[in-house]
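*Asks:* Going down the list, the protein sequences come from chains B and L.
The numbers in our numbering rise by one with no breaks, and the one at position 141 of the first sequence is 141.
The numbers in our numbering rise by one with no breaks, and the one at position 416 of the second sequence is 1416.
The set of hints was computed from the structure by calculation and includes no laboratory data.
Each hint should be verified, as a subset may be incorrect.
Below, in silico cross-link-like pairs of lysine-lysine (DSS-like), each with a Cα-Cα straight-line distance of 27 Å or less [stated by the list, open to error]:
no. : chain 1 : residue 1 : chain 2 : residue 2
1   : L       : Lys1378   : B       : Lys117
2   : B       : Lys113    : L       : Lys1381
3   : B       : Lys71     : L       : Lys1406
4   : L       : Lys1394   : L       : Lys1378
5   : L       : Lys1381   : B       : Lys117
6   : B       : Lys71     : L       : Lys1326
7   : L       : Lys1329   : B       : Lys43
Here chain B is said to cover these stretches of chain L; the calculated rule only asks that three of the stretch's residues, wherever they fall, bring their Cβ under 8 Å from a Cβ of chain B [said to hold, decoys possible]:
no. : stretch
8   : 1257 to 1268
9   : 1310 to 1319
10  : 1352 to 1358
11  : 1377 to 1389
12  : 1393 to 1401
Output of the computed footprint for chain L on chain B, the stretches with three or more beta carbons under 8 Å from beta carbons of chain L [as the list claims (entries may be wrong)]:
no. : stretch
13  : 84 to 92
14  : 107 to 119
From a predicted model like this one, the values you see are computed outputs, not experimental measurements.
Heads up, the beta-carbon is just placed ideally off N, CA and C, and yes, glycines get one too.
One-letter residues, chain by chain:
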Amino acid sequence: MATNRTGSQRANGAPQTKVCQFKLVLLGESAVGKSSLVLRFVKGQFHEYQESTIGAAFLTQTLCLDDTTVKFEIWDTAGQERYHSLAPMYYRGAQAAIVVYDITNQDTFGRAKNWVKELQRQASPSIVIALAGNKSDLAAKRMVEFDEAQAYADENGLLFMETSAKTAMNVNDIFLAIANKLPRNETGGAAGAGGARRLADGEQPRSSACCNRAPPRAASDTRSGAGDASGRGVRGLRSSLRKAGFTRALVVSQAV
Amino acid sequence: MNEEALLVRAAEERERIFQRYERGRENLVGQIDPWEDPEFEDYHKTDRYGFIHDERLPQKTAPQKVNVEVEREKKWVKMLASWGSPTTKEKLHRRIYKGIPNSLRIKIWCKLLDVNRTKMENPGKYHEMLRLAKQWSTDVRQIDSDVNRQFREHQFYRERYSEKQCSLFNVLCAYSIYNSEVGYCQGMSGLAGVLLMYMDEEDAFWALATLLSDKKYAMHGLYIEGFPKLTRFLQHHDKILTKFMPKLKYHFDKYGLDAILYSLKWYFVCFVERVPFSLCLRVWDIYLLDGERVITAMAYTILKLHKKAIMKLNDMDLIVNYIQVKLHKDFGYDDDVVIYNLERSMEELKRAKLDYPGPPPPNELPKRELGAFVEPDKKSKIGQRAENFSDAEKQARATVILRREKAALDLQELRVSQSDTVSEHSGVAGVRCEDSASVLGSRRSLADTSVTSTADLSVFSSGRSHVPDNSLDTHSNMSDDGTGSDGSGVCGLSIQRAPSTTLSTPRATPHPPSVSPMSEDVVRIHVTYNPIAGSPSHLHPVTPTKFNKCYTEEQHKPTSLGFYTSNGSANMPTDNRIRIQVASEELLTPVVDSGRIITPRYVESHGFYDFK
Chain B
1 MATNRTGSQR
11 ANGAPQTKVC
21 QFKLVLLGES
31 AVGKSSLVLR
41 FVKGQFHEYQ
51 ESTIGAAFLT
61 QTLCLDDTTV
71 KFEIWDTAGQ
81 ERYHSLAPMY
91 YRGAQAAIVV
101 YDITNQDTFG
111 RAKNWVKELQ
121 RQASPSIVIA
131 LAGNKSDLAA
141 KRMVEFDEAQ
151 AYADENGLLF
161 METSAKTAMN
171 VNDIFLAIAN
181 KLPRNETGGA
191 AGAGGARRLA
201 DGEQPRSSAC
211 CNRAPPRAAS
221 DTRSGAGDAS
231 GRGVRGLRSS
241 LRKAGFTRAL
251 VVSQAV
Chain L
1001 MNEEALLVRA
1011 AEERERIFQR
1021 YERGRENLVG
1031 QIDPWEDPEF
1041 EDYHKTDRYG
1051 FIHDERLPQK
1061 TAPQKVNVEV
1071 EREKKWVKML
1081 ASWGSPTTKE
1091 KLHRRIYKGI
1101 PNSLRIKIWC
1111 KLLDVNRTKM
1121 ENPGKYHEML
1131 RLAKQWSTDV
1141 RQIDSDVNRQ
1151 FREHQFYRER
1161 YSEKQCSLFN
1171 VLCAYSIYNS
1181 EVGYCQGMSG
1191 LAGVLLMYMD
1201 EEDAFWALAT
1211 LLSDKKYAMH
1221 GLYIEGFPKL
1231 TRFLQHHDKI
1241 LTKFMPKLKY
1251 HFDKYGLDAI
1261 LYSLKWYFVC
1271 FVERVPFSLC
1281 LRVWDIYLLD
1291 GERVITAMAY
1301 TILKLHKKAI
1311 MKLNDMDLIV
1321 NYIQVKLHKD
1331 FGYDDDVVIY
1341 NLERSMEELK
1351 RAKLDYPGPP
1361 PPNELPKREL
1371 GAFVEPDKKS
1381 KIGQRAENFS
1391 DAEKQARATV
1401 ILRREKAALD
1411 LQELRVSQSD
1421 TVSEHSGVAG
1431 VRCEDSASVL
1441 GSRRSLADTS
1451 VTSTADLSVF
1461 SSGRSHVPDN
1471 SLDTHSNMSD
1481 DGTGSDGSGV
1491 CGLSIQRAPS
1501 TTLSTPRATP
1511 HPPSVSPMSE
1521 DVVRIHVTYN
1531 PIAGSPSHLH
1541 PVTPTKFNKC
1551 YTEEQHKPTS
1561 LGFYTSNGSA
1571 NMPTDNRIRI
1581 QVASEELLTP
1591 VVDSGRIITP
1601 RYVESHGFYD
1611 FK
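Next comes chain B alone, as it looks inside the complex (with noise of 0.2 Å):
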């Protein structure tokens, strides 16, 4: 869920700076550079023997734009079919999926199709999705031509670049192109994306945007805690106080 927060509450008159929370994830079909994209984004290294993912993996970027801090966090998934079953426990809420294939198996790129094909079914509806035709320096061995894919992004609305984890080359990019795409107003973030998830028979809706998720600690004390349960800590405490009546309040424990 999006999950935003703006700094104009702040009572110490801290720099105003918008904090965006986006969930994206990776998916493709094994071996295809999902995990070494994600470790050249995050981390700006490239192992040539990046160990094969086992479940899923889970990292977290953040990126400056303009006025708004960009926080991605990431779900690196396995690409063994095994483990499709797992992959709807990751996509599930994300705002945002790169589907990655590699430019010199035609296979890997007929399976990132599939998974477009389930995103468009299953994820949520505003989801963005972005596909990346990864081992762009295999130029030479190329299976997949750029036309093709380009074509097929377009028909289906996805953003689209060929990507090297190994030279880096449009890995940022990627990224940044999908966080200029999804939404990042106060209220485009939570409704567009996360706030319009389908919710599915008898699941519950969740009552807050970031209910599962621990606000950065620059937001955390900017909300009075209606309706933000991480929001109610000591400054929660102490406005409840205050509404039933104390003026002043401290809580001491020690430590046991």
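Using the hints provided, position chain L relative to the given structure of chain B.
*Replies:* For chain L alone, coordinates are given in the frame of chain B:
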């Protein structure tokens, strides 16, 4: 492409991949892509297990340790000579927990897994499976891509198409035919990779087969479609956390961290690449002796040993990185200490009857006869994925989604608590170890004795309080700065020596005279007095069990905050609990920490929290 062409293409690809492994490194000179082949030049960086490190190794093993290992080796050699004898059985447990000498691991592991017997009972089977794999296996492409990235920093596997890489490929391909329900699942390359560091190809194959199908290890259920054993063991893991480390469980839930994310490799590959290799081998030694209980106990032990550090991390990213990466690089405890704690954990879990989630249900066991060849269907031959999820997969999907939903719901229920207050603002919740579990098991008794009725609730008039209004911020900020490094066990809200004893204020409860007001177990809540606030006499004494029944809508509903405790004063239940009453959900209150686990529950429509 039509089906025929696709089939031909798939067969050609399989043939091509197999050929390269058959020819091996020596015969592929000039044919190996440079990107596939790393250049490692520095042999002095290889450790005693064969892993090659980026930097020079810190230090050689201390001479004393070498001596101990030499002495142990002698004993083990003796013991090996009389393997079946009763004295061996007697000594085996203790000696294995001390660690098998590395030079003898190959022999002991084969004994523990009864490799020789299985091999003798199945003459020629392995080679038959390998031959069939070459013709039929549909997992060759995946195995090839995983062999190319498994343990590449190990001297056996660093060169593409090296002897051990070929063995790894062969073992996995042969197994994919031998057990057609599992085929090949990512993760198995790690298992086979470790076995092959100690065994030859055929022995490793039978060792792998035993790990999957012997009921002591029963890893079959982990790797089949839908991962039924994984979900069952994760559920059990959650149960253990809830019972022994509820604060940590809450911490994980709060950051949306499902155990499936951080513990998958614990279960799938028995801690390979999640703890340092030397420790991993020690755990394997014990796993091979005692079976699947070891995994459950080790999972618990890891979290127990690192709870304090994890509780300080207020971001899923940081927690995951700590558990998966940091602990692999540096576990922070000597291997012997970890194994000691593992043994204690096993005892602890056994006492609580939580050491074992029970025998595998039928859906986790092999259904088809092992080693009986089944021709794959066309779709898997071509490598086409199934259009729809199978029933097992649907179930897995539902289970994992349910887990997350449940965690979210639990969290909502638990949300409003001091855990929030403390950890959000100081990052050191749990440093105080309310959880009954602890590193050396001593904390538990300590906590039990300290659950006293010493909670001291003092109510002050506003004029007498000299605490500045912003004191809370000051304190939480202070602890923010000071707690990251020392972990001294001081909770986030710093200790305040309030002048309670000198002021004649209305006291909710006098603390027992035997306990000093400033003793370690005292918890204080100072709230400036407000005459309209509910006083203890407003409240109906209720016991927690009858709580829901006797506190009904018809009864007086308080309109403001009031505290009362219950350590024996008039009209109070005598259960040594502290209750805080608030008028509505918006009036959130602190949880009073009386030195034991506090699980606040908000009761709708009553605006009441109960702490137990």
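*Asks:* Each of the hints needs a verdict: does it hold here or not?
*Replies:* Results for each hint:
1. A threshold of 27 Å between alpha carbons decides the hint, and for Lys1378 (chain L) with Lys117 (chain B) the separation of about 23 Å falls inside it, so the pair holds.
2. A hinted pair counts as satisfied when its Cα atoms are at most 27 Å apart, and Lys113 (chain B) with Lys1381 (chain L) qualifies at roughly 20 Å.
3. For the proposed pair Lys71 (chain B) and Lys1406 (chain L), the alpha carbon gap of about 26 Å is at most 27 Å, so the pair holds.
4. Using a Cα cut-off of 27 Å, the hinted pair Lys1394 (chain L) and Lys1378 (chain L) holds, with the two alpha carbons roughly 23 Å apart.
5. Using a Cα cut-off of 27 Å, the hinted pair Lys1381 (chain L) and Lys117 (chain B) holds, with the two alpha carbons roughly 23 Å apart.
6. Using a Cα cut-off of 27 Å, the hinted pair Lys71 (chain B) and Lys1326 (chain L) holds, with the two alpha carbons roughly 23 Å apart.
7. Among the hinted pairs, Lys1329 (chain L) with Lys43 (chain B) is consistent with the structure: their alpha-carbon atoms are about 17 Å apart, no more than 27 Å.
8. With a cut-off of 8 Å between beta carbons, the stretch 1257 to 1268 of chain L has 6 residues touching chain B; three or more are needed, and the interface restraint holds.
9. Closer than 8 Å: that is the beta-carbon criterion, and the stretch 1310 to 1319 of chain L has 4 residues meeting it against chain B, so the requirement of 3 holds.
10. With 0 residues carrying a beta carbon less than 8 Å from a beta carbon of chain B, the stretch 1352 to 1358 of chain L misses the three-residue requirement, and the given coverage is violated.
11. For a cut-off of 8 Å, the count of residues in the stretch 1377 to 1389 of chain L with a CB near a CB of chain B stands at 4, and the three-residue condition holds.
12. Given as covered by chain B, the stretch 1393 to 1401 of chain L passes the check, having 6 residues with a CB less than 8 Å from a CB of that chain where 3 are the minimum.
13. Counting residues of the stretch 84 to 92 of chain B whose beta carbon lies closer than 8 Å to any beta carbon of chain L gives 6, which meets the minimum of three for the stated coverage.
14. Requiring three or more residues with a Cβ within less than 8 Å of a Cβ of chain L, the coverage given for the stretch 107 to 119 of chain B holds, as 3 such residues are present.
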